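There are 2 protein chains.
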Amino acid sequence: MKAFEKLEHIQSNNNSILSIGLDTDLMKIPEFLRDDLNGIYSFNCSIIEATSDIVSAYKINFAFYEQYGWRGIEILQKTKNYIPSHIFTIADAKRSDIGNTSRAYAASIFKEMEFDSVTLCPYIGVDTILPFLEFNDKMVFVLALTSNPSSNDFQNLIIDGEPLYLKVIRKMNEISTDENLGFVVGATHPNDIYKVREVAPFNYLLVPGIGAQGGSPEKVLQANKNRNIIINVSRDIIYYDKTENFAELARQRAEYYRDLFNSINFNFIKNNSL
Amino acid sequence: MKAFEKLEHIQSNNNSILSIGLDTDLMKIPEFLRDDLNGIYSFNCSIIEATSDIVSAYKINFAFYEQYGWRGIEILQKTKNYIPSHIFTIADAKRSDIGNTSRAYAASIFKEMEFDSVTLCPYIGVDTILPFLEFNDKMVFVLALTSNPSSNDFQNLIIDGEPLYLKVIRKMNEISTDENLGFVVGATHPNDIYKVREVAPFNYLLVPGIGAQGGSPEKVLQANKNRNIIINVSRDIIYYDKTENFAELARQRAEYYRDLFNSINFNFIKNNSL
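Protein chains in written order, with the numbering used here: chain Z, 1 to 274; chain V, 1 to 274.
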């Protein structure tokens, strides 16, 4: 099955547009799991077991594993392999390189690690993306507008009357299809999601920045108009509780977000079909 | 010792601005080393032993190791640890993320792996770079103008009369010093090195694209005007020969490049002091 279809199926079957970000940091997990790096794996397994019927995806942020060197990557790969195969997986690696080298990164993420999708940085141009698109059963999410304070440094610079991030979206859409290509758009810029939807009406959007980063799900989902979207929440779910009940409470928090997103989308449909 | 000083010392002591890129791919090393992944490590050790007195740096491209998962990263780390400590090391990882996550990448490359420097992608803004700059004895090389065909997609878009890559250089120079910050500028754009030197007169430039990618060392070094620079050659040195003599012939090829670069710089000085 193509990754795109897998994503549509799981969003429908689990009635959820929520992705949980496994940004797992040894210093932030419950204290009784901090003895060694395997605590990270145990923590991830518990979160996955407690939530896999109410999410559509897990997003694994590579940085948090790379900080422990190859031992961290081994845990990343074990975690990936623990995720049930019907759940969509996102390698949040934000890779960017050219030709030959980009091909090796694509082999790493799609062949060796068998993720369904990856996040990529567009600065180097389409050469970064093309080797990943050769895996035409997979998906790539290209950074368009990120959720950090300095996203304005370059992404919003105006070129021929429009910001760089819209140029990025147009250029990437020239070389791919809605089934293989999505965009990362931070929830801290909900007004810009209107603009994104003008140039990318049907691509999946991957939206971080809800929860700890303070983005508004109402504004994001209003602007998105019920189109294809994945909303990722990391810290506000996985670190919601630090006791032995952390997984159960993470599930409750994930349910809260899933239901919140669904009710906003439901109201949008209702209000727009009156 | 600060990484910047280490780089100046080794360039002076080894009389070399050459960096060798360890873009080691199991399918491209001599056949007798291809039995398993350890062949990559053996290959790297032989190259390092044969060349460490005639280079200033080794650049390790992470993609070629990541394609083998955690086992590849283990070999990357062993290779890094095999490089003599007085030689400058470049983690060519082109990382890009924000705040928290960027901090974890910085911990990975500077603390866990102990590289002297790293390549970073600027699209996300200064937030990507700042956590790396907190390690103020290290160096970062920010991608400005890359050596690939599609580098024009975004890097050369004109904003207020100047290309994006010059905006990137100006912005990055606002937040750092010449001792901590260098730029990656592809050798396939030698005319642009004049423009780069107008806005970044003293930063180190890391120049890939010589050798297999066809950039001209003469044009690059003329434009650079004998300022701080590292020129990287990968495939045309490490894969120059595929027999049991590969390391000896890689050394000869590295000597050729070192001497070529030095003679161009020598002629530049001579011609400009007449």
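Simulated from the structure, these hints should not be mistaken for laboratory data.
Mixed in with the good hints, there may be bad ones.
Reference listing, derived: stretches of chain Z covered by chain V, where coverage requires no fewer than 3 residues with Cβ under 8 Å from a Cβ of chain V [as the list claims (entries may be wrong)]:
1) 40-52
2) 63-71
3) 88-102
4) 111-122
5) 140-148
A quick note: this is a predicted structure, and the numbers were derived from the prediction, not measured.
Beta carbons are placed, not taken as given, at the ideal position from N, Cα and C, and that holds for glycine.
These are the hints, each one checked on the structure:
1. 40-52: violated (count 0)
2. 63-71: holds (count 8)
3. 88-102: Coverage by chain V holds for the segment 88-102 of chain Z (9 residues, Cβ < 8 Å).
4. 111-122: holds (count 5)
5. 140-148: Answer holds; 4 residues pass the 8 Å Cβ test.
Violated hints amount to a single one, hint 1; each of the other numbered hints is respected by the structure.
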